[in-house]
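Protein chains in written order, with full-length UniProt numbering: chain A, 1 to 365; chain B, 1 to 365; chain C, 1 to 365; chain D, 1 to 365.
Keep in mind that the hints were calculated from the coordinates and are not lab data. Beta carbons: idealized from backbone N, C-alpha and C, even for Gly. Hints should not be assumed to be uniformly reliable.
BS3-like mimics (lysine-lysine), calculated; alpha carbons at most 30 Å apart, straight line [claimed, not checked]:
no.: 1; chain 1: D; residue 1: 288; chain 2: A; residue 2: 63
no.: 2; chain 1: C; residue 1: 138; chain 2: C; residue 2: 276
no.: 3; chain 1: C; residue 1: 265; chain 2: B; residue 2: 276
no.: 4; chain 1: A; residue 1: 166; chain 2: B; residue 2: 242
no.: 5; chain 1: D; residue 1: 98; chain 2: D; residue 2: 44
no.: 6; chain 1: B; residue 1: 6; chain 2: B; residue 2: 31
no.: 7; chain 1: A; residue 1: 265; chain 2: B; residue 2: 220
no.: 8; chain 1: A; residue 1: 242; chain 2: B; residue 2: 288
no.: 9; chain 1: C; residue 1: 44; chain 2: C; residue 2: 98
no.: 10; chain 1: A; residue 1: 296; chain 2: D; residue 2: 276
no.: 11; chain 1: B; residue 1: 5; chain 2: B; residue 2: 276
no.: 12; chain 1: A; residue 1: 276; chain 2: D; residue 2: 288
no.: 13; chain 1: A; residue 1: 265; chain 2: A; residue 2: 95
no.: 14; chain 1: A; residue 1: 5; chain 2: A; residue 2: 230
no.: 15; chain 1: C; residue 1: 242; chain 2: D; residue 2: 276
Under 8 Å between C-beta atoms, here's a sample of chain A residues computed to sit facing chain D [what the hints assert, rightly or not]:
no.: 16; residue: 31
no.: 17; residue: 33
no.: 18; residue: 253
Cβ-Cβ distance ranges computed for the label pairs, FRET-style [stated by the list, open to error]:
no.: 19; chain 1: B; residue 1: 209; chain 2: A; residue 2: 283; range: 45 to 55 Å
no.: 20; chain 1: D; residue 1: 170; chain 2: A; residue 2: 53; range: 49 to 59 Å
no.: 21; chain 1: D; residue 1: 362; chain 2: B; residue 2: 89; range: 57 to 67 Å
no.: 22; chain 1: A; residue 1: 53; chain 2: C; residue 2: 266; range: 21 to 31 Å
no.: 23; chain 1: B; residue 1: 56; chain 2: D; residue 2: 209; range: 36 to 46 Å
There are 4 protein chains.
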Amino acid sequence: MTTQKKAGVLGATGSVGQRFILLLSEHPDFKLEVLGASARSAGKRYEDAVTWKQTFLLPESAKDIEISECTVEAFKDCDVVFSGLDHDYAGPIEKAFKEAGLAVVSNAKNYRREPDVPLIVPITNTDHLSVIEEKINKAKTAGQEKPGFIACISNCSTAGLVAPLKPLVDDFGPLDLITTTTLQAISGAGYSPGVPGIDIIDNIVPFIGSEEEKIEWETKKILGTVNASKDGFNLISEEDLKVSAQCTRVPVSDGHTECISFRFKNRPAPSVEQVKESLRNYVCEASKLGCHSAPKNAIHVLEQENRPQPRLDRDRDNGFGVSVGRVREDTVLDFKMVVLSHNTIIGAAGAGILIAEILLKKGLI
Amino acid sequence: MTTQKKAGVLGATGSVGQRFILLLSEHPDFKLEVLGASARSAGKRYEDAVTWKQTFLLPESAKDIEISECTVEAFKDCDVVFSGLDHDYAGPIEKAFKEAGLAVVSNAKNYRREPDVPLIVPITNTDHLSVIEEKINKAKTAGQEKPGFIACISNCSTAGLVAPLKPLVDDFGPLDLITTTTLQAISGAGYSPGVPGIDIIDNIVPFIGSEEEKIEWETKKILGTVNASKDGFNLISEEDLKVSAQCTRVPVSDGHTECISFRFKNRPAPSVEQVKESLRNYVCEASKLGCHSAPKNAIHVLEQENRPQPRLDRDRDNGFGVSVGRVREDTVLDFKMVVLSHNTIIGAAGAGILIAEILLKKGLI
Amino acid sequence: MTTQKKAGVLGATGSVGQRFILLLSEHPDFKLEVLGASARSAGKRYEDAVTWKQTFLLPESAKDIEISECTVEAFKDCDVVFSGLDHDYAGPIEKAFKEAGLAVVSNAKNYRREPDVPLIVPITNTDHLSVIEEKINKAKTAGQEKPGFIACISNCSTAGLVAPLKPLVDDFGPLDLITTTTLQAISGAGYSPGVPGIDIIDNIVPFIGSEEEKIEWETKKILGTVNASKDGFNLISEEDLKVSAQCTRVPVSDGHTECISFRFKNRPAPSVEQVKESLRNYVCEASKLGCHSAPKNAIHVLEQENRPQPRLDRDRDNGFGVSVGRVREDTVLDFKMVVLSHNTIIGAAGAGILIAEILLKKGLI
Amino acid sequence: MTTQKKAGVLGATGSVGQRFILLLSEHPDFKLEVLGASARSAGKRYEDAVTWKQTFLLPESAKDIEISECTVEAFKDCDVVFSGLDHDYAGPIEKAFKEAGLAVVSNAKNYRREPDVPLIVPITNTDHLSVIEEKINKAKTAGQEKPGFIACISNCSTAGLVAPLKPLVDDFGPLDLITTTTLQAISGAGYSPGVPGIDIIDNIVPFIGSEEEKIEWETKKILGTVNASKDGFNLISEEDLKVSAQCTRVPVSDGHTECISFRFKNRPAPSVEQVKESLRNYVCEASKLGCHSAPKNAIHVLEQENRPQPRLDRDRDNGFGVSVGRVREDTVLDFKMVVLSHNTIIGAAGAGILIAEILLKKGLI
């Protein structure tokens with residue numbers, strides 16, 4: 001407990017920020033110390049500034065924290081800063097924080113495509129953090145100050161897609177075709193305005209702005225590799241892997257369902273049983289490292305024919321575990337299956353916390 | 001009006017039967033005369049026997065009809081019989097009706113795969129009715145009585161899939177790969193028990209029994225052709241066309257949304273604009289024949305990026321028109337798009353009525 | 001048809017304005033000529049300016065109308081102006097229109113409490129329009145120009161409450177206690193922002209700003225009488241009638257359900273059967289006048305124990321009829337019952353249209 | 001741990017039974033030993049017999065238990081038996097268990113109205129358990145075996161109503177008028193059939209069979225007193241207290257919302273602030289006894305104007321705490337307010353567990 005790291009939250013009054021705060025309260029590794037929000041909120045007690053909209057109560061420990069503006073000065077003593085900033089604001093703030101030597105774990109999309117910024121699903125591609133490790137080691141060797149960095153959380157629906165595919169790539173080699181049709185919960189759209197109620201009662205909205213492009217691009221980075229010099233990433237080329245996403249919004253509060261299909265490059269493809277076996281046996285690095293929030297099972301393979309279902313399965317391993325069901329052969333590609341992931345936990349704020357736990361275990365914060 | 005045909009409804013108290021009755025009340029071509037249900041209901045006034053669950057009121061004209069048992073004797077004077085029977089009961093009853101010379105339009109799945117039974121989406125493959133025409137003509141030539149027949153309504157989610165694909169096949173040649181992920185409304189599951197409320201509030205059920213198999217098989221019959229001797233159908237072979245469906249149940253009352261993708265056999269594939277043009281220009285035979293329920297537009301091509309949506313678009317052309325949106329290129333197959341169809345109208349009872357209207361216009365009833 | 005009156009709509013791009021436009025397209029009495037919206041929209045074609053969100057398509061006849069600013073000049077030739085303006089804007093605009101001699105039927109709340117402005121539920125208290133009639137007659141007698149006026153549409157949940165109570169007051173004398181707990185649909189909250197989806201999936205919000213006060217006050221005006229000099233209204237005093245409302249928002253798209261109870265001043269109270277008989281026999285003035293949109297039955301008395309239900313009953317008489325069920329004795333007051341009314345038809349835009357039809361039949365526009 | 005009591009569950013495969021099992025797994029006081037179900041399930045492993053429908057996984061400890069028939073013989077070693085039996089079966093079974101000397105805590109309605117059976121809301125009227133205590137003491141004094149008994153869990157919506165009223169009665173004297181309009185979740189209706197999905201999407205059902213009668217009757221027993229001889233209860237008479245309920249089913253998974261109003265017999269009535277103070281200060285006996293599941297706060301008084309809400313507030317104190325909001329004066333009675341209670345926890349299975357914990361602390365099992 002004496003070694004708790006100091007944590008800050010950018011965008012503290014927003015919905016991602018609120019979830020960071022919930023997950024940080026009573027966290028063994030981190031102590032919430034600084035909350036940053038807009039100039040309008042700065043100076044107020046957190047409880048007075050926030051419109052709290054979570055199913056858990058506002059933690060006592062956060063109520064009285066005085067909100068700061070999102071300046072380096074205010075966060076300079078933080079060991080790690082979680083950013084729940086809207087992408088309209090995240091760009092210059094996160095850049096300034098990084099340049100000031102701070103460790104930033106961000107849910108914003110602004111730097112996901114930067115060549116040296118790891119884009120992390122914490123149950124999936126934590127080897128990508130070696131790019132940060134290398135940067136820190138180089139600085140150390142050169143006798144320089146520990147450099148700041150940004151580690152990005154992936155898009156929520158990307159997380160659900162790659163989580164079960166990565167173990168399969170590890171065991172059976174690369175994929176060359178992936179399709180996903182997503183049925184996404186509304187909590188991911190935030191609150192003001194988010195998804196209007198009249199759009200989502202007795203209805204489906206078959207479009208989410210930029211979502212399909214995010215999935216299609218991010219998958220190629222996350223399933224890609226760290227390059228040899230460890231200063232960036234080899235994205236999988238469009239030639240080697242085609243990803244096609246169709247995204248819809250559905251009347252579900254939490255939990256993204258995805259109907260996915262995929263094809264392996266190598267022939268013969270594994271059997272259905274081999275695929276399930278691979279998923280069942282998968283243990284993520286966060287679990288091996290003993291991280292506090294790491295799921296007992298990163299991937300749950302369900303055998304009932306009508307699962308996973310968001311209401312019943314989204315809270316597996318407190319939302320850090322992903323559920324897979326209906327693994328079966330596909331006549332068009334090799335396999336099809338249904339994946340369920342908790343969009344605000346493993347797909348957003350929770351992922352940020354687990355990334356930070358891994359960074360801590362690896363000695364990077 | 002003097003020429004109204006006499007109509008009967010089998011399974012009159014069930015949800016499909018109720019919709020047949022609604023659509024037949026005040027119909028210019030048909031007069032509802034006989035209602036068949038189980039022995040338990042037989043002898044009662046319809047109003048007393050039915051638990052009416054429609055948004056329109058029980059038509060006055062149906063209230064006092066005395067329910068019959070589902071026997072040939074009771075329906076022998078009907079020019080056309082609409083069957084909303086559950087498949088557990090439909091088999092022997094529909095067979096007996098056909099053998100007795102009656103014209104049966106059935107929503108049950110029992111005879112859909114029979115080699116000489118047309119499986120019809122009435123805005124799509126009405127040319128398949130020539131098999132019935134041929135049979136009647138042969139009997140006439142042979143001086144025999146007009147033979148009975150069964151014409152089957154397709155599965156609801158099959159209808160939404162093939163409706164926009166058939167015009168494309170007509171214009172650009174065969175498809176060799178089709179995928180669909182369906183987001184299906186609950187009204188199609190009927191009422192007792194149907195989909196339990198607790199399964200569908202804030203939830204998705206990613207499984208519908210036998211639905212994927214139905215779509216995958218029926219598509220090959222509907223997109224297939226009448227054989228040369230006109231006594232049956234050439235199904236498209238698995239080699240020539242692969243269809244892959246993933247079916248989910250969503251919290252929507254009426255209207256199936258499908259995210260589909262497909263590939264043409266011929267290269268080069270048409271452009272997005274050509275695809276949309278083809279769909280916009282499509283006029284179904286029912287419209288050409290001037291059928292009462294035929295949609296003004298069988299296919300509506302929507303240009304707004306977030307349409308079609310079930311609550312807003314399901315009632316186009318009284319549910320007989322299908323809406324298509326988000327037509328765009330697909331990296332894995334050629335195109336992807338979103339289709340919306342009203343599952344209880346063009347996907348079930350409404351289809352039956354329109355099939356009968358077409359049969360009438362063709363002189364087959 | 002040659003006598004169609006010229007109609008304008010204020011707030012034409014908003015959700016109430018859109019419904020006015022829908023109801024005016026193909027209306028036999030009115031011809032839509034002028035559409036008013038904010039300066040930002042003015043000058044655009046209506047189709048280009050509006051985000052159309054109705055289940056019926058944007059009428060062809062409205063698409064090309066060029067939007068005007070909400071000035072008297074633009075609307076000066078209108079025989080009637082329907083106002084769907086937000087109350088933030090309605091005040092000065094509606095006042096100016098009235099002073100310029102225009103006939104305004106408004107959905108805004110701004111002038112509902114004015115002593116000389118009738119607050120009308122068009123199936124309920126159309127006798128209140130005599131205040132306008134008197135004003136016009138006086139001007140005529142004095143040789144003055146026909147004066148402008150405002151007629152206000154009641155709050156949506158007030159409409160559902162008073163509609164079945166007024167016939168009872170007519171038949172059995174005054175009420176002294178009324179309670180209502182409302183379960184209100186989200187369509188009434190409009191669109192930007194309206195009710196956020198995340199607030200209403202798997203949830204109830206037991207509060208609607210100012211709604212309870214509106215119901216409690218408006219009921220006393222609507223159930224009150226025109227004063228002797230016919231220049232205003234006698235509100236029922238708090239001493240004579242106490243109204244208590246509890247308002248909630250529920251996951252329903254259209255249709256307000258209200259669980260109401262009430263007590264008559266006179267003893268003995270009527271029987272349940274007498275109450276139902278009174279409701280069944282009620283014929284509203286709009287029906288007697290033969291108004292185009294008048295419901296066949298203003299009040300539908302349902303006998304099934306689990307009705308009315310919004311999805312099944314909201315569209316009775318195209319939304320102009322109110323449904324009442326579960327009429328039974330109450331141990332605390334005299335009676336309790338469940339009322340269902342379509343909040344955007346009889347509770348908003350539809351009411352405005354029907355009010356205008358009545359004004360027309362009475363020769364007031 | 002060495003003193004864990006042996007627990008059995010009747011109706012173990014049903015939805016109430018499943019929740020008993022969840023709450024008993026890892027319970028410090030009770031060890032689940034016997035599961036009873038129908039003859040059809042008897043002999044099977046629990047995991048094989050049950051269709052598990054909970055958001056938490058089936059506890060490992062229950063999976064392998066062999067299901068017994070619901071006979072005294074099978075349960076004879078149990079210190080306490082929780083009954084989740086349907087009322088169609090509960091009558092003779094629970095009676096036999098009681099007569100055999102077993103302690104039964106039942107969710108069925110069969111014996112709630114028995115003069116000597118306590119009807120308990122465990123955060124409300126635990127003093128009523130003295131009737132059981134007296135019976136046991138008498139037997140002890142007479143040198144007889146410890147007698148069996150039944151303690152009944154109240155109806156779910158009764159629990160939400162009386163929980164906040166009891167502290168007020170304690171502080172300010174009796175009530176003479178109570179009204180409640182309930183907005184009830186669907187989980188309480190169970191699963192086969194429960195509430196059909198098509199009835200509850202975009203809909204309200206304003207009727208729940210027998211529910212209003214249960215609330216109106218049970219309130220008078222629960223707010224009543226133990227009689228002087230401690231062998232039964234003084235129900236409040238209809239003359240002294242009138243209760244009127246209107247019950248509706250709403251599209252909410254868990255959590256009953258009730259809009260209640262009430263009047264005190266004594267004048268002057270307390271102030272709003274006094275009412276809130278009384279509710280805030282209330283500490284239930286279960287908390288004083290230190291029961292494992294006792295809520296930290298039996299009553300949460302919320303000050304935000306739009307709370308409580310089911311999705312946000314139902315899980316307070318793991319569902320054992322009741323939330324109250326919008327306490328305000330009522331023009332018809334004295335006060336009105338909104339109450340939220342978790343229908344399957346404090347309104348059903350959870351109540352049973354907490355009752356048993358209290359019985360244990362009192363030395364009655």
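Quick rundown of the hints versus the structure:
1. D:288 x A:63: Answer holds: residue 288 (chain D) to residue 63 (chain A) is near 28 Å, not above 30 Å.
2. C:138 x C:276: Not satisfied, since the Cα-Cα distance of roughly 41 Å exceeds 30 Å.
3. C:265 x B:276: Not satisfied, since the Cα-Cα distance of roughly 67 Å exceeds 30 Å.
4. A:166 x B:242: The given pair, whose Cα atoms are some 27 Å apart, holds under the 30 Å limit.
5. D:98 x D:44: The hint holds at about 26 Å.
6. B:6 x B:31: holds, 5 Å
7. A:265 x B:220: holds, 28 Å
8. A:242 x B:288: Violated, at about 42 Å.
9. C:44 x C:98: holds, 26 Å
10. A:296 x D:276: violated, 44 Å
11. B:5 x B:276: violated, 39 Å
12. A:276 x D:288: Distance ~51 Å between residue 276 (chain A) and residue 288 (chain D) Cα, so the pair is violated.
13. A:265 x A:95: Not OK: residue 265 (chain A) and residue 95 (chain A) at ~39 Å, beyond 30 Å, violated.
14. A:5 x A:230: holds, 27 Å
15. C:242 x D:276: Holds, because 24 Å separates the two Cα atoms, which is no more than 30 Å.
16. 31: violated, 24 Å
17. 33: violated, 27 Å
18. 253: Constraint on residue 253 (chain A) satisfied, holds at 7 Å.
19. B:209 x A:283: 45 to 55 Å: Because 35 Å falls outside the window, the suggested range is violated.
20. D:170 x A:53: 49 to 59 Å: Since the Cβ atoms of residue 170 (chain D) and residue 53 (chain A) sit about 34 Å apart, the hinted range of 49 to 59 Å is violated.
21. D:362 x B:89: 57 to 67 Å: holds, 58 Å
22. A:53 x C:266: 21 to 31 Å: violated, 49 Å
23. B:56 x D:209: 36 to 46 Å: violated, 26 Å
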